[in-house]
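Asks: Chains B, C, D, E, F, G, H, I and J: place on chain A using the hints.
Protein chains in written order, with my numbering: chain A, 1 to 109; chain B, 1 to 109; chain C, 1 to 109; chain D, 1 to 109; chain E, 1 to 109; chain F, 1 to 109; chain G, 1 to 109; chain H, 1 to 109; chain I, 1 to 109; chain J, 1 to 109.
In short, the hints are calculated from the structure, not lab data. There may be inaccurate statements among the hints.
Claimed, not checked - Heads up, simulated DSS-like pairs for lysine-lysine below, C-alpha to C-alpha not over 25 Å straight-line: (1) F:K51 / C:K28; (2) H:K9 / E:K9; (3) E:K54 / H:K28.
To be verified - What the simulated footprint calls covered on chain B by chain C, stretch by stretch (three residues with Cβ under 8 Å from a Cβ of chain C suffice, anywhere in the stretch; the number is not a length): (4) 69-83; (5) 97-103.
Unchecked claim - Some chain E residues judged to face chain H by a derived CB distance under 10 Å, without partners named: (6) I4; (7) N7; (8) Y8; (9) E10; (10) R11; (11) I17; (12) P20; (13) T38; (14) N58; (15) Y60; (16) R61; (17) E63; (18) I99.
For every residue, glycine included, the Cβ atom is placed at its ideal position computed from N, Cα and C.
Protein chains: 10
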Amino acid sequence: METIENNYKERDYEVHIRFPEFTCLCPKTGQPDFAEITIRYTPDARLVELKSLKMYLNAYRNEGIFHEEAVNRILEDFVAAVTPKQVEITGTFNVRGGIYTTVTASYPP
Amino acid sequence: METIENNYKERDYEVHIRFPEFTCLCPKTGQPDFAEITIRYTPDARLVELKSLKMYLNAYRNEGIFHEEAVNRILEDFVAAVTPKQVEITGTFNVRGGIYTTVTASYPP
Amino acid sequence: METIENNYKERDYEVHIRFPEFTCLCPKTGQPDFAEITIRYTPDARLVELKSLKMYLNAYRNEGIFHEEAVNRILEDFVAAVTPKQVEITGTFNVRGGIYTTVTASYPP
Amino acid sequence: METIENNYKERDYEVHIRFPEFTCLCPKTGQPDFAEITIRYTPDARLVELKSLKMYLNAYRNEGIFHEEAVNRILEDFVAAVTPKQVEITGTFNVRGGIYTTVTASYPP
Amino acid sequence: METIENNYKERDYEVHIRFPEFTCLCPKTGQPDFAEITIRYTPDARLVELKSLKMYLNAYRNEGIFHEEAVNRILEDFVAAVTPKQVEITGTFNVRGGIYTTVTASYPP
Amino acid sequence: METIENNYKERDYEVHIRFPEFTCLCPKTGQPDFAEITIRYTPDARLVELKSLKMYLNAYRNEGIFHEEAVNRILEDFVAAVTPKQVEITGTFNVRGGIYTTVTASYPP
Amino acid sequence: METIENNYKERDYEVHIRFPEFTCLCPKTGQPDFAEITIRYTPDARLVELKSLKMYLNAYRNEGIFHEEAVNRILEDFVAAVTPKQVEITGTFNVRGGIYTTVTASYPP
Amino acid sequence: METIENNYKERDYEVHIRFPEFTCLCPKTGQPDFAEITIRYTPDARLVELKSLKMYLNAYRNEGIFHEEAVNRILEDFVAAVTPKQVEITGTFNVRGGIYTTVTASYPP
Amino acid sequence: METIENNYKERDYEVHIRFPEFTCLCPKTGQPDFAEITIRYTPDARLVELKSLKMYLNAYRNEGIFHEEAVNRILEDFVAAVTPKQVEITGTFNVRGGIYTTVTASYPP
Amino acid sequence: METIENNYKERDYEVHIRFPEFTCLCPKTGQPDFAEITIRYTPDARLVELKSLKMYLNAYRNEGIFHEEAVNRILEDFVAAVTPKQVEITGTFNVRGGIYTTVTASYPP
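Chain A on its own, in the form it takes in the complex:
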């Protein structure tokens, strides 16, 4: 994830990003999982660069990872790269076994 300068860092404003094309693998079965990832953050000195964010999210494509793990790891990587004033990440996963799961984590606690 790369960043670009935020020219309005003295103002608290919100950027909301929606990425409906997240896919990874189920670590148990190896079968594909699909989710929409949303990122809502208040930038500090840096903005996330959108193309690098897309590349970062696409890198999960062939990785086995649980739903809760994926959302928490994206949160930690985003905080490390962008150091926002605050951020909330949500993963809305496609139905599996009749169950729809959504995971939401935020920073700071």
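Replies: Positioned in the frame of chain A, the structure of chains B, C, D, E, F, G, H, I and J alone reads:
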């Protein structure tokens, strides 16, 4: 209901589960009832394992139980098995006699 | 309106009832009025029995009553019969003369 | 049902009427039934007068009648009163016992 | 209604116009009526000029006219002014007395 | 605007009125404007009589008035006629020049 | 499935029945399957009695059966019991393994 | 507009393209117009290359052109470049002066 | 793709399959593409086995292929494996460069 | 951006403006970007004049500017021209590279 370890228990995050395929029997008439069950919880040390949750909910299939009773019993079983920081359970039942009923219970009070 | 015992009265939980088939008469013209009645309540010792609730609401069918009057009277009858911890009643009436009216009343004040 | 003159009877055009407030009684249980009635017709010499149509449909309010019977009887009364070039009547009834029923009949055969 | 030249009259193509802001008066009560007018036509040598069409439709604002009459008269005026290869006019009127009415007429028969 | 007695004035309840058929004229161009007016109020001793409210709103039909002016004037007239405990008026105007405008004003400040 | 007399058998009209609460078991895994069954038929001498139809469909609740098998068997049983002029049965099954399946069969061929 | 080879030209199949970001200028006022362009075609020996199609459509951005003209010109350019077996082009334009316009043209006639 | 026996092959009925989780790679950029694949077929002697169909579609995950190519190849593989009486395949692809593409092919021609 | 007098400045009321036709250029690629801009403000002594607002927003048409930059600059220009009591500006941008971005900024901080 089985559980798996929560690797991010120091962080308060939310898991939202939606199960549209809940069915039980009306204790008066023996006829089928249908509902969508949603579970929204903040995990502590354990996460609910989704396949075992599905099995648990499917076990109501041939049991006679009232709407209010079903939601409260699922809440108590979930708290006993997963010991979340907090949890809210909702049952949205199909129309019966022209009436739509939704029951919502949460823990801690 | 009859009631049944609430086995979970020590817990504050919510029951939401939606009845789209309410009809009464306009006291001025005698013409039919139609509404959806919703009841959202936190039960105390008693739950409303759904079939008797339906019978109670159907009894307005041939009665002339204004919108505001209907919702307030249902509220008073519900409180008298069920003595909930709290309750909110809404009547969403069909369009008349190009105007859509919704009335909402709750207890305790 | 009363009628008014159709000033454009030499032209085949269509009038579509939707009445979402039809209610009658179930002939078995005496409980209320609800439906949306739609009438799509090509007028000949006469148009149906809308207020008298509403009065006609409201007259079913306290009458016990089956779904299929209601739609066919409305069709026959409409044909007798308006003598349209053609007409199709549909009744879309509210759910009863988990079943939604729609009945459609038309004239001429 | 004014017209402009159709540069593609040798090709049969379709223009669909939707005007949700039609209003006139009920000839019985003097109260306002509202409708969405749609015009679907295949132009011949001329296209309708849109601003003049709007002016034409706005001219009904304080005129008393029945639903069926309005749609048929718009059809006749449109055919006289634009002489299309074919045209269909629909008026979808707002609910009055619980009844929704739509009228559709077309040319040539 | 006329009023009728509120039989439940000791209880704070809400009446929500929606009127999708508001029309006036643009004071600059004389062209028609259209809006949906909503009124949400908590009655004190009086309720607004719905037919007179409709007549009041219809009286704007041929009057030139700006969007912000219309909503504020309706608010002042409503407060003067009904003296509610509180009221909020919203006008949602149709698109003009690619811009959709909504104005919301309330009493007491 | 029981039937009642069709008083309008000389007229070809259509009855459309929708039953969103069909459930059976997967013959491979024993896990529950869910579907919405729709039946669209033109009655001959007999109409299906709705309560008995519901009982018939509920009888699949604990039976293992494939999607294609279920729809074809319901079709054959319906034809045998009701002998309609024509009938079309559709089963719209809930997602399994990321796949949504709908099966439609009709009589006569 | 560039093209690429169609490897399945012996089979009649359909490609449907939707481009919601078309914009041009009104030739009268110079103000921007907006539309969604859809292209539905059966390819012969060539397929349209999507990036060049986008460039072609973007080239209208600062050009003054009427609605009917734009759709017919896109049709002619598409036929010239791609020589499809058949093609239908639709332009759904944003509201102007309260009027929504859609133009549809196809080839061969 | 494996198949199972069709017990009702003498009857022409339709099976409609929807798979919203198709993903492949763009052969130019290597970036992921996403689509919903639908298959509508009339079975002859064999039905497609759903789990093997899912495995077949998932095998495109890391393969570079154009939209038109993907749909035509799935059609050919389906016909070879299932030999249906008829089949239609549609791929509805996610937006790329502001353009939404849908491809539909069927057999027999 | 021009302004007109606010006749009700002593009252805190809200004006909500929605402009779905904002377009600018990507400063990296020169390709068009599209967004819906919403402005929600509480006027002080002045109201924004809508036609001049439209002209102001249309002036971005051929300017290269990033999403975050555009929303913040519109905010600053609006505050400078209208000096509202408060204002919130949102830009909802069309998908680019599979990512949907929304930016929201407000004044005072």
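Asks: With reference to the structure, classify each hint as holding or not holding.
Replies: Okay, the hints, checked on the actual structure:
{"no.": "1", "hint": "F:K51 / C:K28", "verdict": "holds (12 Å)"}
{"no.": "2", "hint": "H:K9 / E:K9", "verdict": "violated (32 Å)"}
{"no.": "3", "hint": "E:K54 / H:K28", "verdict": "holds (17 Å)"}
{"no.": "4", "hint": "69-83", "verdict": "holds (count 3)"}
{"no.": "5", "hint": "97-103", "verdict": "holds (count 7)"}
{"no.": "6", "hint": "I4", "verdict": "holds (8 Å)"}
{"no.": "7", "hint": "N7", "verdict": "holds (7 Å)"}
{"no.": "8", "hint": "Y8", "verdict": "holds (5 Å)"}
{"no.": "9", "hint": "E10", "verdict": "holds (8 Å)"}
{"no.": "10", "hint": "R11", "verdict": "holds (6 Å)"}
{"no.": "11", "hint": "I17", "verdict": "holds (6 Å)"}
{"no.": "12", "hint": "P20", "verdict": "holds (7 Å)"}
{"no.": "13", "hint": "T38", "verdict": "holds (9 Å)"}
{"no.": "14", "hint": "N58", "verdict": "holds (9 Å)"}
{"no.": "15", "hint": "Y60", "verdict": "violated (14 Å)"}
{"no.": "16", "hint": "R61", "verdict": "violated (13 Å)"}
{"no.": "17", "hint": "E63", "verdict": "violated (18 Å)"}
{"no.": "18", "hint": "I99", "verdict": "violated (26 Å)"}
Violated hints for the displayed structure, listed by number in ascending order: 2, 15, 16, 17, 18.
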